[in-house]
Amino acid sequence: MNPTGQSPPPVLDVVSLGLRFGAVAALTDVSFSVAEGELFAVIGPNGAGKTSLFNLLCRVYDPTAGRIVLNGLDMIDLRPHQLAGAGVARTFQNLGLFRPLSVLDNVLVGREHLMRCGTVRSGLSLPSARREEKANHFAALEALEFVGLSDVAGRPVGLLPYGVQKRVELARALVMEPRLLLLDEPVAGMSRSERMEIAELVRTIHGRRGLTIVLVEHDMGTVMSLAQRVLALDFGRTIAVGTPAEIQANDDVIRAYLGQAHEASA
Amino acid sequence: MSRRQRRALAVTVLVIAAVALPFGVNAYWRATFVFILIAALGALGLDVLTGRTGQISLGHAFFLGAGAYAGGYLGGNLHLNAVVWIPAAGVAAGILGALVGPTALRLRGLYLAIVTIGLVFIGQHIFVNVTAISGGPGGRALPAPSFGPVNFATGYSIGGLTISHDELYYLLALLLLALGMLYVRNLERSHLGRAMAAVRERELAAAVLGVHVARTKVTAFVISSAMAGVAGAMYASYLGFVVPTQWDLLLSIEYVVMIVVGGMASLWGPLLGAVFVIGFPALLQDVSGSLPFLSNGLGGGVISVSDASAVIYGGLLIVFLLIEPRGVVGLVTRLRTLATRRRAAAP
Amino acid sequence: MRTFAQLLFSGLALGAIYALIALGFTVIYRASRVINFAQGQLLALGAFTTSWLVSSGKLPFWAAFVIGALGTAAVALVFQSGVLRFALGRPDFTIVMLTLGLATVLNSAIPTAFGDFPRTNGDPWGASAAHIYGVALPWVKIWTIVAALVVLVGFFAFNRYSKYGLAMRGAALDPEAALAVGIPLRRVYATAWVLAGVVACVGGVFLAGYPNTLDPTVSNVAFLAFPAIILGGIDSTTGAVLGGFVIGVVEELTAGYQPQYASWLGHNFYLVAPYVVMIAVLLVRPYGLFGTRPAERL
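Residue numbers (the numbering used here), protein chains in the order written: chain A, 1 to 266; chain B, 267 to 613; chain C, 614 to 911.
Since the hints were made in silico from the structure, they are not lab data.
Just so you know, not all the hints are guaranteed correct.
The calculated label-pair distances, taken between Cβ atoms and stated as ranges, are [claimed, not checked]:
| hint | chain 1 | residue 1 | chain 2 | residue 2 | range |
| --- | --- | --- | --- | --- | --- |
| 1 | A | Leu126 | B | Val277 | 20 to 26 Å |
| 2 | B | Val598 | C | Thr830 | 38 to 44 Å |
| 3 | C | Gly695 | B | Leu604 | 43 to 49 Å |
| 4 | B | Leu365 | A | Ser16 | 54 to 60 Å |
| 5 | B | Ala276 | A | Leu159 | 27 to 33 Å |
| 6 | A | Arg130 | B | Ile424 | 47 to 53 Å |
The C-beta atom is built at its ideal place from N, Cα and C for all residues, glycine as well.
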């Protein structure tokens, strides 16, 4: 609460969001907001519309109804390549890493939108360019240390195990200095222990950096242990919004997930 | 000796060898080395665009020609000094690259290849018709550079040593290539180099991460065509005379062969590729007397040197693409890894 | 000065050849997403083989033609199964350069084997022409249009009604699914290249008919056909064929009228006019007029 007694504006405000592909309604009238520093999750069974929602947030699609407001600005005006500049970082489900490049170089690419030196200063290796490089290297190495990957900084990322690659992606997102972090099914395709490691890392990132995080995830256990608030979707509609405890007790949510195995950690 | 000292020694030896090289060989090979160095600069530029940034371009011949004609006009018609027309050729070609670059923003892969092929045809058409600059189908002459008392046309004598026309060109080409390689090496290690690699690998992901894809691609075009422009001007000046039909698709393909065979996105690849693409036909020509199936223009033989070379490097292009896409540099790396592994395995 | 009717007729004849060349490109592209940059050289190979068989082999034209087509198809097949097969799934650049490599090799091999002097294509019509309403229509051009139509209709029927035609369409849409339903991809690709070789031979032989002669530069014509396929859209056979006819007519009309009305565009502007048109179209529609944007996974 600020001195006037009002809560600060939400980082993300989704209002009556709708997405149609022809006759198919992927999303209908979805509304929620995410406060600053919150760890928010979107869950739902397959086909519920999680991916569509995520793609709308990442500006892959334009909504057919409603709007998304980021820090007071309508996101309709943002193209995907402007996300970084707007303070939004995202991870990819099938890894957006550059396979032949080293771990460090991959993370460094995340600093691109903060770099100012052009071809002349870089090509001539002028002091200003070198200083900028040094600062960026420092930021990248710091991020790698944060995710525990300092010792593989020089290795080509394509050869590393999937769990490690996921962590490189997270480091790269961090180094972009985002205000909003969008995670696309961060534990998809992982073993139980890998899932717990990544969940722990996300928790640490959230705790230490105070970032606003929105994650879309299928795995109930991970979501319940991480999120502060959860949005449950089914058939493109909101079925419940609330704390993990509230969501788990919700009849509609249980019905939607009937027959799906829960993780014991929930 | 520390690693750094060993490095410095290697570089010094290399520099001395490179500088001394032309003085120790006959005129034929001297000329060949000049062509190799000039082509290497052009190939270095193409590598920035295709090898590092992943943009297919078969239009390199156009930029080489543009540089040649810009240099020729400024030096031959306006009689400006080489210290002006050589860089200006690069600038002119670079500007053209900036104009062509944006097409790569809309087009991918095959379509970009076809448009760049079109660029070569349109370029040849323009070159033939702008007779004031190109001399029309008959061609035009280009001046030899002269920097104060050092006149490339006549050679230069200092003390008792005479540096001939060829040797002067060689040294200038060597200098330009060295500067080019230094520039590219700095670029490689900078954020721009990473941005280029990101655009090459996964353009969409790069964009979302904040890489300015449009600016990166256009920059790559500008750097690539500027280098081609300088190389084209030097090439034309050394040849002495150029005609519009020589800036053809085959020339563009030769440059692509250079970077593929040499090794893309590597610092030495372009030079190695140029050594092969220029040096091999030169070698064939040199020994064509003793190889009966080669006809050396004097009658006899089954196949001409130029045709034999084309068949061979077309074939090698195919072989390298299938087996070792990272070119000779890739081969060397593979052998080195093998050797390191053997050494590690040996008791 | 040739009349409009004559220019139009020549344009249609030229367009028929471009349509054939475009068909050669699209057959391969639709089956395997490869643009065969060596199509022009296959054209030359077919034409030279036919011509040589007529002049040195003393074969009647039609026999030479058939053997020439088979020979070209054989070379195409060898390249596909000996080289391209091993490059499946490689990036665009690799595929482009592989076919350009073939083009480079054939470009030198053909004049070496056959000699680079100009010669006749061996057809029996020479310069003879039919006269209709005072317009002279060279017989070879009439036959060009006929042959092109035969090939096009034949190919259309093959595509629509034959087992292999269906298989090719399936392979183009989804190679994995095609494999899953038992379509023999290797044979489909091979068939596409064989067809392209045959089509190239037809195009090459007729291209070198009156008033042209046959020399190695005939292979450059294929590059003039690119605007045709781009205009029509690479993955649309009808589009490519239509594009071929359009470009042919554009070229002849430009050649006929440009020197008089727009001479500032330079000598022989008709040679680059198709490219200028193509580039203009691509800048507005990056996948051609009728082409479709390939889906990109993020």
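Now the hints, each set against the structure:
no., hint, result
1, Leu126/A <-> Val277/B: 20 to 26 Å, "holds (22 Å)"
2, Val598/B <-> Thr830/C: 38 to 44 Å, "holds (40 Å)"
3, Gly695/C <-> Leu604/B: 43 to 49 Å, "violated (28 Å)"
4, Leu365/B <-> Ser16/A: 54 to 60 Å, "violated (46 Å)"
5, Ala276/B <-> Leu159/A: 27 to 33 Å, "holds (30 Å)"
6, Arg130/A <-> Ile424/B: 47 to 53 Å, "violated (38 Å)"
Hint compliance for this structure: hints 3, 4 and 6 are not met, and every other hint is.
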